[in-house]
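Asker: Sequence:
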Amino acid sequence: MNKMNTNLSIPNIFTVSDGTGETALSIVRAVRVQFEHAEMHIERYNKVRSREMLEEMLLSAKNKNATVVATLVDPELRVFLISRSMQLGVKVVDVLFPLLETLSEQLGRRPSSIPGLLRQLDEGYFKRISAIEYTVRHDDGVISCDLPEADIILIGVSRTSKTPLSMYLGHKGYKVANIPLVPGIDPPIELSKVDQNKIIGLIIDPTRLAEIRVARIEALGTNDIGDYADIEKIFEELEWSREIFKKNKRWPVLDVTGKALEENSVEIEKIILSRFPELSDE
Numbered sequence: 001m002n003k004m005n006t007n008l009s010i011p012n013i014f015t016v017s018d019g020t021g022e023t024a025l026s027i028v029r030a031v032r033v034q035f036e037h038a039e040m041h042i043e044r045y046n047k048v049r050s051r052e053m054l055e056e057m058l059l060s061a062k063n064k065n066a067t068v069v070a071t072l073v074d075p076e077l078r079v080f081l082i083s084r085s086m087q088l089g090v091k092v093v094d095v096l097f098p099l100l101e102t103l104s105e106q107l108g109r110r111p112s113s114i115p116g117l118l119r120q121l122d123e124g125y126f127k128r129i130s131a132i133e134y135t136v137r138h139d140d141g142v143i144s145c146d147l148p149e150a151d152i153i154l155i156g157v158s159r160t161s162k163t164p165l166s167m168y169l170g171h172k173g174y175k176v177a178n179i180p181l182v183p184g185i186d187p188p189i190e191l192s193k194v195d196q197n198k199i200i201g202l203i204i205d206p207t208r209l210a211e212i213r214v215a216r217i218e219a220l221g222t223n224d225i226g227d228y229a230d231i232e233k234i235f236e237e238l239e240w241s242r243e244i245f246k247k248n249k250r251w252p253v254l255d256v257t258g259k260a261l262e263e264n265s266v267e268i269e270k271i272i273l274s275r276f277p278e279l280s281d282e
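In UniProt numbering, the protein residues as written are 1 to 282.
Everything labelled a hint here was simulated from the structure, so no lab data went into it.
Below, simulated DMTMM-like cross-link-like pairs (lysine to aspartate or glutamate); rule was C-alpha separation at most 25 Å, straight line: (1) Lys-246 / Glu-236; (2) Lys-233 / Glu-243; (3) Lys-270 / Asp-146; (4) Lys-259 / Glu-232; (5) Lys-172 / Glu-269; (6) Lys-233 / Asp-186; (7) Lys-172 / Asp-139; (8) Lys-233 / Asp-255; (9) Lys-247 / Glu-232; (10) Lys-127 / Asp-74; (11) Lys-193 / Asp-139; (12) Lys-172 / Asp-140; (13) Lys-47 / Asp-74; (14) Lys-259 / Asp-140.
Let's have the full structure, built from the sequences with the hints guiding it.
Answerer: What follows is the structure, given as structure tokens:
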């Protein structure tokens, strides 16, 4: 009989929740029992309700080579957790996914929040992982030779929810690329080489966009608004993007103003599935 290697390092487990965190902790404890109560370092992160708190937790997890066990309910936080953890190379287990998916199929409707992602070795899991990896690689204008493999390509000026929507849809199994429109610069030539039916333009109310950009600047710790959040410049920028969209008749345009991430995601899915019904099986 082979002896267990007792020199293995003690694993670090982080539990993260936007609630009390009891569910994640109970699951970790239940799993530990299966290893004859093997020693584990467990750190709890409860009532995590902002990206900043998740970022701090993930950086600590990366530093300690920890596995994160998550029971987040907020869909935007969940999307951020998945996408950011992949960028940092942190392992994340979202324990809500299997039950949510199963009940969704049986009840014939989606749950109130997007299902999570669990490390399960089945075809559906690998498709989602592939989609998320593709989406992370093609975030914010990163273009590569496999751009034509995208299921969805989102384009719009800065802060029109391109990245959150991309990660949300990537989490659901779609390969998504998002490309920013920069005033005065023509869209990348690579866009002309892909199926134009995959491209969707994003637009937003200028006043709302100004508010979002000001908040972004403040979050970065600076008061230098400049042209980026100047309302007159934003009007010009959005009008310029509308002209780009008008020149490309096959690009539907979605107004994201005042709508939740889930609502915009559903509209994008409807557009894409009407054009590519075969994606509904993925």
